[in-house]
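Q: Those sequence lines, one after another, are chains H and B.
Residues in the first sequence are numbered from 1290 upward in steps of one, following the numbering used here.
Residues in the second sequence are numbered from 467 upward in steps of one, following the numbering used here.
If you're looking for bench data, these hints aren't it; they were derived computationally from the structure.
Beta carbons: idealized from backbone N, C-alpha and C, even for Gly.
Treat the hints with caution; some may be incorrect.
[Unchecked claim] Negatives, chain B to chain H, calculated, CB over 10 Å:
hint, residue
1, Ser468
2, Leu477
3, Thr481
4, Gly482
5, Ser497
6, Leu509
7, Gln514
8, Arg521
9, Glu541
10, Glu548
11, Gly550
12, Phe556
13, Ala558
14, Ser560
15, Thr569
16, Ser572
[Said to hold, decoys possible] Not everything, but these chain H residues come out facing chain B in the computed CB check (under 8 Å):
hint, residue
17, Gly1322
18, Phe1324
19, Pro1329
20, Tyr1339
21, Tyr1343
22, Tyr1353
23, Phe1357
24, Arg1361
25, Asn1365
26, Ala1377
27, Gly1388
28, Leu1390
29, Glu1397
30, Val1400
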Amino acid sequence: AQKITQTQPGMFVQEKEAVTLDCTYDTSDQSYGLFWYKQPSSGEMIFLIYQGSYDEQNATEGRYSLNFQKARKSANLVISASQLGDSAMYFCAMSAQGGKLIFGQGTELSVKP
Amino acid sequence: DSGVTQTPKHLITATGQRVTLRCSPRSGDLSVYWYQQSLDQGLQFLIQYYNGEERAKGNILERFSAQQFPDLHSELNLSSLELGDSALYFCASSAWGGDYGYTFGSGTRLTVV
Chain H
1290 AQKITQTQPG
1300 MFVQEKEAVT
1310 LDCTYDTSDQ
1320 SYGLFWYKQP
1330 SSGEMIFLIY
1340 QGSYDEQNAT
1350 EGRYSLNFQK
1360 ARKSANLVIS
1370 ASQLGDSAMY
1380 FCAMSAQGGK
1390 LIFGQGTELS
1400 VKP
Chain B
467 DSGVTQTPKH
477 LITATGQRVT
487 LRCSPRSGDL
497 SVYWYQQSLD
507 QGLQFLIQYY
517 NGEERAKGNI
527 LERFSAQQFP
537 DLHSELNLSS
547 LELGDSALYF
557 CASSAWGGDY
567 GYTFGSGTRL
577 TVV
């Protein structure tokens, strides 16, 4: 069965420092996508970054990068130069058959000034 | 503004009642997805429609139903509501399938009292 595991329920990081949020996945599919979404306290789900399973280079979007290690089935999110506005829940997700996304349980990130 | 519009933003209703949640997808998107986010279950896929037809079904209760209309807006109907149905209900849309992710609306927060 396809599954996403986020082992860090909560994390703290100092403003301006980098932080890595862990995500491991399990799938038998050869082709899949990996995603990170941010959910601030207001509740909306904000797309951050996408990595395809056949992409050889790690995806980057501004201060976000995805550390994709296919053999280890991990897709960690790295946020560089953390800002106070980065405080939120972060969800790792994987595309599954039929177009649905399977989500992990999330990591709550708190950025300290 | 993500382009996906959900109404209402908040809904408070009593047990046993029936409610309808509405979603207008982003312009040009043909697929609509419904997700439920609760504290104990996390983000759960409910159902997907593509151009008016049901494409995939997830953990959707029999008391719940959905449809997508010719103008591509979608409605999620929840009936015989129970306290446990209290959750944040998200609609998302994509141009085709969800292999490359999709855009979420801001959600409808349902409280059943």
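Q: All the hints need checking, so say for each whether the structure fits it.
A: Structure-based check of all given hints:
no. : hint    : result
1   : Ser468  : violated (7 Å)
2   : Leu477  : holds (14 Å)
3   : Thr481  : holds (23 Å)
4   : Gly482  : holds (26 Å)
5   : Ser497  : violated (7 Å)
6   : Leu509  : violated (4 Å)
7   : Gln514  : violated (6 Å)
8   : Arg521  : violated (6 Å)
9   : Glu541  : holds (19 Å)
10  : Glu548  : holds (22 Å)
11  : Gly550  : holds (18 Å)
12  : Phe556  : violated (6 Å)
13  : Ala558  : violated (8 Å)
14  : Ser560  : violated (7 Å)
15  : Thr569  : violated (7 Å)
16  : Ser572  : violated (5 Å)
17  : Gly1322 : holds (6 Å)
18  : Phe1324 : holds (5 Å)
19  : Pro1329 : violated (11 Å)
20  : Tyr1339 : holds (5 Å)
21  : Tyr1343 : violated (12 Å)
22  : Tyr1353 : violated (14 Å)
23  : Phe1357 : violated (15 Å)
24  : Arg1361 : violated (22 Å)
25  : Asn1365 : violated (18 Å)
26  : Ala1377 : violated (14 Å)
27  : Gly1388 : holds (3 Å)
28  : Leu1390 : holds (6 Å)
29  : Glu1397 : violated (13 Å)
30  : Val1400 : violated (23 Å)
Violated hints for the displayed structure, listed by number in ascending order: 1, 5, 6, 7, 8, 12, 13, 14, 15, 16, 19, 21, 22, 23, 24, 25, 26, 29 and 30.
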